Every structure is written in C-alpha cells, then in structure tokens.
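Enquirer: Read off the chains here:
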Amino acid sequence: MTRHSQRHRTTTLPFSYRDKGIDFELDSFTVDDGNQTALELNPAQTEINLASAVSSSDSSDDPDWETITLYGKLRLPEETVQAVFPQDERAQPPAKLYVAIRCHETIYRDRVIISEAPTTPGEYNVTLEVPKSTVRGTVELRPYLVRTESHSGEGSSDYAEQKNFRVASGTLYYVVVDRPDDEERAAIDGERVRFSQNAHLPDGNKLYYLDFRNESRPKLWINSDHPRIAEVLQSRGSVGAEARMRDVILDQVSYGVWVQLLVRAGSAVDAEGDVEHEWQEMVLQTFARNLYDTSDVSEATYRLSDDLSDPQTLPHVIQRIDSELQEYINPREQLIHLMEEGLQI
Amino acid sequence: MKGEVTLTDEQLNEYVEPMPGRPTADLDRIDSAVKQVLEEYPEYDTAIDGALAEEIHRGLDITRRTAGDPGLWHWLAVVRYPDLVRHRWEYRSEEAMREKFLGAGSDLYSNAIHRLWWIAELTSRGDDYSTTDAVFANQTMVNKVFDRWFARYQPAVRAMCDELADEPSRVIDETTRRFNHALTNVQLEGLSENEAREMIRQIVAESQ
Numbered sequence: 000m001t002r003h004s005q006r007h008r009t010t011t012l013p014f015s016y017r018d019k020g021i022d023f024e025l026d027s028f029t030v031d032d033g034n035q036t037a038l039e040l041n042p043a044q045t046e047i048n049l050a051s052a053v054s055s056s057d058s059s060d061d062p063d064w065e066t067i068t069l070y071g072k073l074r075l076p077e078e079t080v081q082a083v084f085p086q087d088e089r090a091q092p093p094a095k096l097y098v099a100i101r102c103h104e105t106i107y108r109d110r111v112i113i114s115e116a117p118t119t120p121g122e123y124n125v126t127l128e129v130p131k132s133t134v135r136g137t138v139e140l141r142p143y144l145v146r147t148e149s150h151s152g153e154g155s156s157d158y159a160e161q162k163n164f165r166v167a168s169g170t171l172y173y174v175v176v177d178r179p180d181d182e183e184r185a186a187i188d189g190e191r192v193r194f195s196q197n198a199h200l201p202d203g204n205k206l207y208y209l210d211f212r213n214e215s216r217p218k219l220w221i222n223s224d225h226p227r228i229a230e231v232l233q234s235r236g237s238v239g240a241e242a243r244m245r246d247v248i249l250d251q252v253s254y255g256v257w258v259q260l261l262v263r264a265g266s267a268v269d270a271e272g273d274v275e276h277e278w279q280e281m282v283l284q285t286f287a288r289n290l291y292d293t294s295d296v297s298e299a300t301y302r303l304s305d306d307l308s309d310p311q312t313l314p315h316v317i318q319r320i321d322s323e324l325q326e327y328i329n330p331r332e333q334l335i336h337l338m339e340e341g342l343q344i
Numbered sequence: 000m001k002g003e004v005t006l007t008d009e010q011l012n013e014y015v016e017p018m019p020g021r022p023t024a025d026l027d028r029i030d031s032a033v034k035q036v037l038e039e040y041p042e043y044d045t046a047i048d049g050a051l052a053e054e055i056h057r058g059l060d061i062t063r064r065t066a067g068d069p070g071l072w073h074w075l076a077v078v079r080y081p082d083l084v085r086h087r088w089e090y091r092s093e094e095a096m097r098e099k100f101l102g103a104g105s106d107l108y109s110n111a112i113h114r115l116w117w118i119a120e121l122t123s124r125g126d127d128y129s130t131t132d133a134v135f136a137n138q139t140m141v142n143k144v145f146d147r148w149f150a151r152y153q154p155a156v157r158a159m160c161d162e163l164a165d166e167p168s169r170v171i172d173e174t175t176r177r178f179n180h181a182l183t184n185v186q187l188e189g190l191s192e193n194e195a196r197e198m199i200r201q202i203v204a205e206s207q
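Keeping their order, the protein sequence lines are chains A and B.
Per numbering that gives the first Met the number 0, the first sequence starts with residue 0, numbered consecutively.
Per numbering that gives the first Met the number 0, the second sequence starts with residue 0, numbered consecutively.
No lab work stands behind these hints: they were computed from the structure.
Model, not experiment: these values are computed from the prediction.
The beta carbon of each residue, even a glycine, is placed where N, CA and C say it ideally should be.
Certain hints may be false.
According to the in silico footprint, chain B covers these stretches of chain A (three or more CB under 8 Å from chain B) [as the list claims (entries may be wrong)]:
1. 87-99
2. 107-118
3. 133-141
Kindly generate the complete structure, drawing on both the sequences and the hints.
Expert: Written out as structure tokens, the structure is:
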C-alpha cells in the first residue's frame, strides 16, 4: 500500500492539483543595502517576523527602511510534474512558476515570476523584493505553478486543460514587517522545534513542553515533529476548520501550561508573600484572587502557597485551579465552534 | 452619529496624533473640491463620488502603506470633512453611519473617503482617470466590482472596469459573478492585464 503523506493531498479541484507540490524555502534576507542575514527557520515555521529587524529607533515614526529582499529556493519535483501534466507535456511543461505577494492591509496583490514556460522540474533561485511603500503589517508569499497554454488533446482528462489554471502550489509564508502598536512582550516565550532532534526536550509524542531551565523566563516549546499539528497552530485565519481546530489545540495547551505556571508560582511565594520573577507575579495577580474569592491578592497568595505545601489541602487546591482555569480558558466555546464547523450544524 | 454636535479642537486633539512617515497632502485642493460638491450636488447624490475621487486621489500624496492606516481616513471623515460624509450618505442606521466615518483598512466599501481614494488608486493609470470616471458613472459597477476580492488585483480590476463600462447592470452582475467563479481554477495573480481582459471579454460575450 502506498503511504500518502500530507504533501500528497490534493484539493477538491476537478483536475489533478498538488496543494504542496512545490517546495518553497526562504533562507535569508537583506534590508536595503545591508548584509544578507540568514533566517534560520525551524521546521514547519512559516511566520517570519522581521519587525524588529526593520523597526525604527523612534517607535512613533515610520520604520527606517525602503526595501526588504527575501532570498530562497523553489523546487519543482519531478513527481509534481508527472501528477499534474499529461504524458505528452511532461518533457516541456507549458507552465510558469511565480510567487504571489499579498498584503491585506494595503489591498495589495502582485506576483514575481520565477520561471516562464516551459518550467521543467528542478531548483530555482528566488529573490523577492518587498517595497515598504506597498505593505504594512504582514505580507503573504505563496508559490504557484500555472498552465500557460490550453491542452490540445481530445476528450476528458484528469489534468487541468485550460490556460491560466493553477496546477500546484507551495508553502504560504507570513512575513511580519510591522509590530502591532499595542503588542506587549509576552510573559513567556514560545517556539516550535522538533523534540526528536533536541536532547533537552522530552522523548515520545509530546505536543508541548514547558521549559523551566531558566526560572526567570520559562519557555514553551511546541513539538514540530507533528507537522500537521504545527501547521494548524500556525494558521492565521479566523474562520474555517483550521482556525477552529487551532483554537481548540491552543486551549488544550494553555490549560496544561497555566496549571504548571500556577503551581510553580504559588510554590515560589516567600515568607514576605513575594515572588522573585515577573511571570510569577503576573500569574498570581491573574488567578489568586479568583481561586479564593477575595479581592486581597496578598491574602490569596499566602493561602495558595500554604495550600500547595500541605498534603492535606493539595488535592483541594488542584481542584480549585482546575475549576478556575475552566472558567478562564472557557474551552467549551471553542469546542462548540469546532463542532459546528466539523458537523456543519 | 445622528443629530448635530460641534466638537472643539481641544476635544479632538486628545485623539489626534501625527502620522508615521509624515505624509503630505494638498488639502486646499481637496477643500475646494469638497466645497464645490456641497454647493452643487443635492444630498445623497451618488454622482458626488465621481466628482471627488480624482481630486482626493491627486490631493493626497500617500503610498498604499499610508493608505492602510485607518487613522488617516478617520481624521479626514470625522475631523476634516464630516459635512461631506453627511451630505453624501443618508443616516439609515448607527452601524451604517459609523462605517462611513470609522471604517477603513482592507474593506474597500466602508469609510466614505477611503473608498473614493482606493477606487481611484486601483483604476487610474498615471494621470489618466478615465477608467475611474467610468466606474463612478455606473453605481452597479462600483457595487459589483469593488465588493469582490479580485478587485484588489489591479490588472484584473482595470480590465474588468474597461470591459464593463458600457454594459447594462444585468451583464455587469453576471460577468463579475462568473469571473469570480472562474477564479476557483484560475490563479488570479498569474493573469496579466491582457489575459484578464481576454477572459472577461469571453464572459461578457456569453453574458449578453
């Protein structure tokens, strides 16, 4: 039995189409005439945040750059050509390869041609210039392979036959060029990485791991050994099945993360009722009063600390934490959205 | 949103801030065009759009990046030209009027002034605003073309507006609908203006 991975999925188009039939990798960038800088993306990472690389020293003014240039490679595999073109066209596929550039905020849609017809299997260098005057916020980049001639053969076919029909596409990258105005630094960092290739991360099929090696700044690792899950977690939309699934997965991850943060923060309270690190204070400020139904955060913090340290009260405080997090995260809401999406009800 | 309230500069200043990049504009030119429109056109006349679009596009020396900042359009609609917004748009609901003053962003059809600038931006060719004029001369075209996502791709929107300029509403409706449907298979950014025109001509011929 042939094993089909996600990259071989086809869409519901009425002809052979490869949604991930083009390998697209961005590897470096330059800002204006500056040095070429490596991107060093994690596997499955499709969001490239260049906001800090191009931000102005004066945050009230426009960032001081004119053009970002991104470099990378497009690879058109032989198997894609075989899958989307009939036999008689495979030697010289009547197709062009390009990268579509879109920016939602500036109502901008354009493309950069990488190869005119015929486009044969192989590797192509990609250079994409993004002028500041045309973009803001997030820029989307996605490669497409499109027919340039109609097929002259007779009869119905499994292949796209008309000029301008798309036959394959590749990874959609999101390049962030502006930092949102109100973005504050997150209390903990997050990153996607392959657990299987990092000795300090747990074995097995873990979805995430909260890393306390640096107690002053915990880090959340998401396991990109599971590409489909990592892909869903990176989806940016607000509608559709992927977005609904993403919100449910995030709820699941955040429940486990908050439990750990709360127990750690509560256990770190000293005799004066203080904690050492900023994230601990943030966690206690957010949850402690609700756990004990009091407006006095100091009192709540002491009670949490005491309850966590006493084997008699520990089960009860864990139950309180569970109850509070169900209120806070409200997983029911996202689950219902997902069910409505999945069941079409 | 309804009724009359006069806001002083002091009341407004709290909410007004300089724009990044410090864009420039010939506001005198726009002032005079707006004044003329208020004097010459009756309330809620859709012809106001065509009379102002080119002047607003020429008067604002801005890039798409700047145009993507909602603050600019909020200032123009709320602070600079609120009388124009009320003259052009009849109050039908709080929500609709709020959109005309406080819409913007990627919704081409919201803010009263943003909408004029963007349609001119997408349809003008240098100093040639003939396609822009043709669009605003036909409200069906404004509604049916610019409410669709293909209108964000300049080669396609120009071809569409040129080819539909003299067509009746029924053909405009049918052609935009069928072109949009064709984009299920056709990748929009792959089309040159000529290729888009070729497709649209074929659809128009079939729709007549």
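Enquirer: The structure should be examined with respect to each hint, and the outcome stated for every one.
Expert: Hint by hint, here is what the structure shows:
no. : hint    : in the structure
1   : 87-99   : holds (count 3)
2   : 107-118 : holds (count 4)
3   : 133-141 : holds (count 4)
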